[in-house]
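Visitor: Read off the chains here:
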Amino acid sequence: MIIAEQKPLKEIIHNLEGHRNILVAGCRSCVAICLAGGEKEVGIVAEALRVYGEMHGKLWTIEEITIERQCEKEWVREIQAVVSSKDAILSMACGVGAQVMQEIYPDIRVVPGLNTSNMGAPEEQGIWREKCAGCGDCVLHLTGGICPIARCSKSLLNGPCGGSQNGRCEVNPDSTPCAWDQIYHSLKRLGKLEFMEQIIPPKNWITSHSGGPRLIVRQDAVLTPEEKAEKGVPK
Amino acid sequence: MKAGSNLERVLESGNFAVTAEIGPPKSASSNIVKQHAQMLKGYADAFNLTDNQTAIVRLSSLASALICLNEGVEPVMQMTCRDRNRIALQSDLLGASALGIRNVLCLTGDHQTFGNEKGAKNVYDIDSIQELMIFKQMRDEKRISGGEELEEAPKVFLGAAENPFADPFEFRVIRLAKKVAAGADFIQTQAIYDMDRFEKWIEGIRERGLDKKVHILAGVIPLKSVGAAKYMKNKVSGMIVPDEIIDRMKKAKDPKSEGVKICVEQIEHLKTVKGVHGVHIMAIAWEEIVPEIVREAGLYPRPQV
Ligand code: SF4
Ligand code: SF4
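Quick note, the sequences are listed as chains A and B, same order. Counting in the working numbering, the first sequence runs from 1 upward without gaps. Counting in the working numbering, the second sequence runs from 1 upward without gaps.
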């Protein structure tokens, strides 16, 4: 899932400067699970903005809504009636949701309410850890199912650096395990330690962001113009 | 001979080699490097010019290496993967070779959060093992990593670092084997204080016959004070400093000379360890002590080969 956290309220207020009719829009997917932008958080932020507005004589009205997924056009389109009367949307979705919102409502300013961090997973209640950097050329089969790109601070591909000690990463020993120490132990458990001896050659980063924004096209799934017309898909 | 550097000749002729470190200054002045080069000339076979060590912005290792060269002192230019992608690394290697720099040390590099540009965007396009592979290919096959042919290959003796004290310990020998397979001609190790663990490591190296394939230069750091010893024990990642050494420094009347004494003892011992082909002295911000250490350890004058 995508992990995000709320921007400080002060920053949100600053970024909303000059707007009158504001919609706080949440998302029930990833950001709800990481307690950043779900229905509950939307309620709290909206209320905080109302109280702030009253205390500081701001003439703004704050409305709230939370949809299933802000990253999908269908869901975003469904709130047209609520959105049309607004001059700003505080998107409490990840950066993807916020951008889809802007795409569907190009004339209304979308302001991000969250800082989108990474692709990760909940580790335990209240703790989330990055797992994948979306490099587009997965090597997990060689590394015992632990990602060296996202989870090693230096994205090393050939084993731990000289700073790996007691299973911790030198960059953040208190909070970060050394990914390569974990890879080593995982491969050992799996009886595949010989993978550690293989030299992994320089990575082709063209499949990562280094190749520019990525686009995936599944020809078999793309609708023809006729099919689009038939289904009433907006252009 | 792969590059014909002085260091390569000393090692290939079977002599016990000495390398030492010169830290480039945090300024645009060439004076400090010049002074250190003049002062240390003749006391080591080659001198490492660190590449923005601990991620602190300093005079570049390429420029510092050239300053040394102009002083008649042989450089080992350090090149980290932290700040440059494979285009810049290969370009700098060609530049270094064109300028007459004949030794290069391939390093991953300390993470930028340790330095004075914590907010920097790091690169880590390739790791040190891949850097070795690429440089070796450039030298031996006259091809860049992308495959295109070079009109003239760089002439470089390739080094790498290894830390026998990092974890997982069982993997450290394998990691060295990978570096050798990737193209390392010589290895400089992290500073050794824990001799037992070092000996265990080098035993693993010998078992695999790696000491026959690569020259290993054991790293030493002379201690200036008990504070420095404690700092290294607690703050420098991947470093083990036994309490016995801290005690000796604590009890010493003159900590500096005790530090030199410990260092010389370590070198004397390392000379007897099978598989060790030299020492690498890292007198960080204490370069002027190197001549004394080299003399005391019976390693002066350096061989003319
Ligand atoms: S190797 Fe790439 S795709 Fe696979 S988990 Fe790591 S970043 Fe994600
Ligand atoms: S300590 Fe481990 S995780 Fe951290 S940078 Fe080094 S190899 Fe990567």
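What the hints contain is simulated information worked out from the structure, not anything from laboratory work. There may be inaccurate statements among the hints.
Stated by the list, open to error - DSS-like mimics (lysine-lysine), calculated; alpha carbons at most 30 angstroms apart, straight line:
1) Lys-121/B x Lys-2/B
2) Lys-200/B x Lys-192/A
3) Lys-274/B x Lys-7/A
4) Lys-230/B x Lys-261/B
5) Lys-131/A x Lys-235/B
6) Lys-230/B x Lys-192/A
7) Lys-203/A x Lys-192/A
8) Lys-118/B x Lys-10/A
9) Lys-253/B x Lys-274/B
10) Lys-136/B x Lys-192/A
11) Lys-256/B x Lys-203/A
12) Lys-203/A x Lys-34/B
13) Lys-212/B x Lys-188/A
14) Lys-228/A x Lys-203/A
15) Lys-7/A x Lys-200/B
16) Lys-230/B x Lys-203/A
17) Lys-212/B x Lys-34/B
18) Lys-131/A x Lys-118/B
19) Lys-192/A x Lys-256/B
20) Lys-235/B x Lys-118/B
21) Lys-192/A x Lys-212/B
22) Lys-261/B x Lys-203/A
23) Lys-188/A x Lys-230/B
24) Lys-213/B x Lys-188/A
25) Lys-73/A x Lys-228/A
26) Lys-10/A x Lys-230/B
27) Lys-203/A x Lys-200/B
28) Lys-212/B x Lys-231/A
29) Lys-213/B x Lys-131/A
Computed from a predicted structure; not experimentally measured.
Visitor: Would you mind marking each hint as holding or not holding in the structure?
Guide: Evaluation of the provided hints:
no.	hint	verdict
1	Lys-121/B x Lys-2/B	35 angstroms, violated
2	Lys-200/B x Lys-192/A	24 angstroms, holds
3	Lys-274/B x Lys-7/A	59 angstroms, violated
4	Lys-230/B x Lys-261/B	18 angstroms, holds
5	Lys-131/A x Lys-235/B	28 angstroms, holds
6	Lys-230/B x Lys-192/A	39 angstroms, violated
7	Lys-203/A x Lys-192/A	21 angstroms, holds
8	Lys-118/B x Lys-10/A	25 angstroms, holds
9	Lys-253/B x Lys-274/B	34 angstroms, violated
10	Lys-136/B x Lys-192/A	28 angstroms, holds
11	Lys-256/B x Lys-203/A	47 angstroms, violated
12	Lys-203/A x Lys-34/B	39 angstroms, violated
13	Lys-212/B x Lys-188/A	28 angstroms, holds
14	Lys-228/A x Lys-203/A	39 angstroms, violated
15	Lys-7/A x Lys-200/B	51 angstroms, violated
16	Lys-230/B x Lys-203/A	39 angstroms, violated
17	Lys-212/B x Lys-34/B	36 angstroms, violated
18	Lys-131/A x Lys-118/B	23 angstroms, holds
19	Lys-192/A x Lys-256/B	49 angstroms, violated
20	Lys-235/B x Lys-118/B	17 angstroms, holds
21	Lys-192/A x Lys-212/B	28 angstroms, holds
22	Lys-261/B x Lys-203/A	46 angstroms, violated
23	Lys-188/A x Lys-230/B	34 angstroms, violated
24	Lys-213/B x Lys-188/A	27 angstroms, holds
25	Lys-73/A x Lys-228/A	15 angstroms, holds
26	Lys-10/A x Lys-230/B	43 angstroms, violated
27	Lys-203/A x Lys-200/B	33 angstroms, violated
28	Lys-212/B x Lys-231/A	72 angstroms, violated
29	Lys-213/B x Lys-131/A	38 angstroms, violated
The structure shown violates the earlier hints numbered 1, 3, 6, 9, 11, 12, 14, 15, 16, 17, 19, 22, 23, 26, 27, 28, 29.
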